[in-house]
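Residue numbers (my numbering), protein chains in the order written: chain S, 1 to 206; chain U, 1 to 252.
Since the hints were made in silico from the structure, they are not lab data.
Listed next, the in silico SDA-like pairs over lysine to any residue satisfying Cα-Cα at most 25 Å (straight line):
| no. | chain 1 | residue 1 | chain 2 | residue 2 |
| --- | --- | --- | --- | --- |
| 1 | U | Lys37 | S | Pro184 |
| 2 | S | Lys103 | U | Val99 |
| 3 | U | Lys149 | S | Tyr97 |
| 4 | U | Lys124 | S | Leu74 |
| 5 | U | Lys197 | S | Leu30 |
| 6 | S | Lys103 | U | Ser148 |
| 7 | S | Lys103 | U | Gly70 |
| 8 | U | Lys124 | S | Pro72 |
| 9 | S | Lys43 | S | Leu192 |
| 10 | U | Lys117 | S | His73 |
| 11 | S | Lys103 | U | Lys149 |
| 12 | S | Lys71 | U | Ser106 |
| 13 | S | Lys103 | U | Ala151 |
| 14 | S | Lys103 | U | Glu158 |
| 15 | U | Lys197 | S | Leu200 |
| 16 | S | Lys71 | U | Leu132 |
| 17 | U | Lys149 | S | Leu98 |
| 18 | U | Lys197 | S | Pro203 |
| 19 | U | Lys197 | S | Leu193 |
| 20 | U | Lys124 | S | Ile76 |
| 21 | U | Lys37 | S | Leu30 |
| 22 | U | Lys197 | S | Glu202 |
| 23 | U | Lys149 | S | Phe86 |
| 24 | U | Lys149 | S | Asp91 |
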Amino acid sequence: MTDNSSNAPTAMERFIQGILPENPTYRQLLGLCPTLAVTNGLKAALTMAAATGFVLLCANVMTSLIRGLLKPHLRIVVFTLTIATFVTIADRFLAAYLYDMSKTLGPYIPLIIVNCIIICRCEVCASKQSVWVSASDAVGQSLGFALGLSSIAIVREILGTGMIFQFRILPVQWPDWVIMVLPPGAFFTFGLLLAVVNRLTEPGKK
Amino acid sequence: MNYIIDITLIALSAAIINNFVFYYFVGICPFIGVSRKVDLAFGMGCAVTFVICIAAFISWTFTAYILMPGAPLSSWIAGFFTSPEQAAGIDLSILSYIVYIFAIASSVQFVEMYLRKAFPMLYKSFGVFLPLITTNCAILFACLTIMSKVAGAENPAEAWDLGRALTLAFFGGVGFTISIVIMSGIREELELCDVPKPFRGAAITLIIGGIMAMAFTGFTGVDAGLKKAMTQEKPVVQAVMKEKSMEKGSAL
Chain S
1 MTDNSSNAPT AMERFIQGIL PENPTYRQLL GLCPTLAVTN GLKAALTMAA ATGFVLLCAN
61 VMTSLIRGLL KPHLRIVVFT LTIATFVTIA DRFLAAYLYD MSKTLGPYIP LIIVNCIIIC
121 RCEVCASKQS VWVSASDAVG QSLGFALGLS SIAIVREILG TGMIFQFRIL PVQWPDWVIM
181 VLPPGAFFTF GLLLAVVNRL TEPGKK
Chain U
1 MNYIIDITLI ALSAAIINNF VFYYFVGICP FIGVSRKVDL AFGMGCAVTF VICIAAFISW
61 TFTAYILMPG APLSSWIAGF FTSPEQAAGI DLSILSYIVY IFAIASSVQF VEMYLRKAFP
121 MLYKSFGVFL PLITTNCAIL FACLTIMSKV AGAENPAEAW DLGRALTLAF FGGVGFTISI
181 VIMSGIREEL ELCDVPKPFR GAAITLIIGG IMAMAFTGFT GVDAGLKKAM TQEKPVVQAV
241 MKEKSMEKGS AL
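Just chain S, same shape as in the assembly (with noise of 0.2 Å):
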């Protein structure tokens, strides 16, 4: 009932590829501008990160329930149309709900209607799966995104400010480093962790 092809992968495997094996931020690249933008606080990051999860997984299922009616030349944009109204609603939320997150996140929840990550989930998975299929599988992305996302936030709010969530991990003579929260702390960090992925998963070191 799910797919017809032999080989494709299953539900479940689309869900944990997209955790770590295929994690959109340190193995695919994809969506760096959030990555970079909003990891300077975990609150921030993990809204973030919700908010994209919502709009994938909305905008995966509704293209799954309509591939059978898309043509090939106008299927990115109906994908970002349809991304497009999903994040409206998001920032509508957002900003009825969650003022300040809104306010701190500003143009970069408008900007979820370009991250590639969806766009590519759209292409890749949902305009050919079944709603079942596609939609965990954007779970799986969302989850993964999430991760990558808080385990930038997670350094770069410790070493800037000593603290995460308002608790002071780091002690009080802890100098703040300032660059960390900054934009070039942001590529820093990224750089750097992506390198450790990078070094853990290569292959011939098993």
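Starting from the structure of chain S, add chain U where the hints point.
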């Protein structure tokens, strides 16, 4: 005179001080992906600048006349169906994201068709990256900034006009081009270096990007200082301008 100062500040701020790539992190994907060859990076920068300008023009027009609360065109149309009070308060800003992304997608399509006819060589070398301009955050970011300055302005007199919007778009594109060309120059040299294996590819690019972002943080506050200097009387202006230019000279 005030207008010229404003335009200059917007241009400087968009191109260098609050660079799209190093300050707002928009357009990172092509920054990592396309910045391998200087000429390709320059072409990409030009294409993005061109698309940003078209998209900014469309989005400014739509925001000012149709989307913002009480916009003239939409309230005129609504006037046929509802009472004048209701028509004056009409607010279509909820549709703005959909309209912007549609404007961007169609202008990219337009650029693609033009390039294919006029510069087939350039078109070929772009390959898959050209349609990807649609998903370049820098363009949507410029549209959103313009929206917040037009519809979000607290004082209607401070709302941006078309000239300011286009300045922001053009110099934002120039800033993007600057950063991507510098990066591709560094990466061309990097081909000859022995980079540790885990760092090869995106990781070392990000670290270099971090170093460049640090250099660009050096410009922080220049716009505020310039504004202060320009709105004061002449002698102070020249003194501060000289100081700033010396600072810039030594920083470079």
